[in-house]
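Asks: Sequence:
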Amino acid sequence: IKGLDPVAVAGTDEKLEWCKALGYRAGVNHRTSADLVADVTAACPNGVDVFIDNTAGPIHDAAMLNLNAFGRVVVVGTIALADRFDQPDIGVRHLRRTLITRARIEGFLLDDHASEYETALADLLSWYKQGLLETREDVAEGIESVPHAFVRMLRGENFGKQLVEL
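Its first residue numbered 675, the sequence shown is counted upward by one per residue in the working numbering.
Don't take every hint at face value.
[Stated by the list, open to error] In silico PhoX-like cross-links for lysine-lysine, where the CA-CA straight-line distance does not exceed 20 Å: (1) K803 to K689; (2) K694 to K676; (3) K676 to K803; (4) K835 to K694.
Honestly, the hints are just simulated from the structure, not real lab data.
Construct the entire structure; sequences and hints are all you get.
Replies: Written out as structure tokens, the structure is:
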């Protein structure tokens, strides 16, 4: 879609195999990797142009060290910091790398793009109908399952989008 060459980062080989079946060229298992920087370099031999970051952790650091000139980092989440509310929001600093690559790092919150919802929904629906998008869901039942489902999601134990049906 959009001419991109996607590379997956996932926490299990099973998830990576699914991503490859969907058309991802390569993948990195962040849980078993002994050297994330080297593995991202191997998966992205031409560097990283766009990184969608939902971790703010070691995966972010590995992507930053492989970022191409004028690369873009879209921060959509910070799951690696989820249990660290009592600590400052400071990780490895990549300011020199950002300067050298002239990268753009931007936070993305869905509400900021409300004016684009209709167009985005039309695009997503079209891609889905063309078979270009596939989803998987892990559905827990009932309000009492919310804590367990949430912990499963934080631990990466869900395979698809973790949902709770009420």
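Asks: Between K803 and K689, does the CA-CA distance stay at or below 20 Å?
Replies: violated (23 Å)
Asks: Sort out whether K676 lies within 20 Å of K694, counting only the CA atoms.
Replies: holds (18 Å)
Asks: Between K676 and K803, does the CA-CA distance stay at or below 20 Å?
Replies: Satisfied, since the Cα-Cα distance of roughly 16 Å is no more than 20 Å.
Asks: Given the hinted pair K835 and K694, is their Cα-Cα distance within 20 Å?
Replies: Status holds; Cα separation ~18 Å.
The structure shown violates just one earlier hint, number 1.
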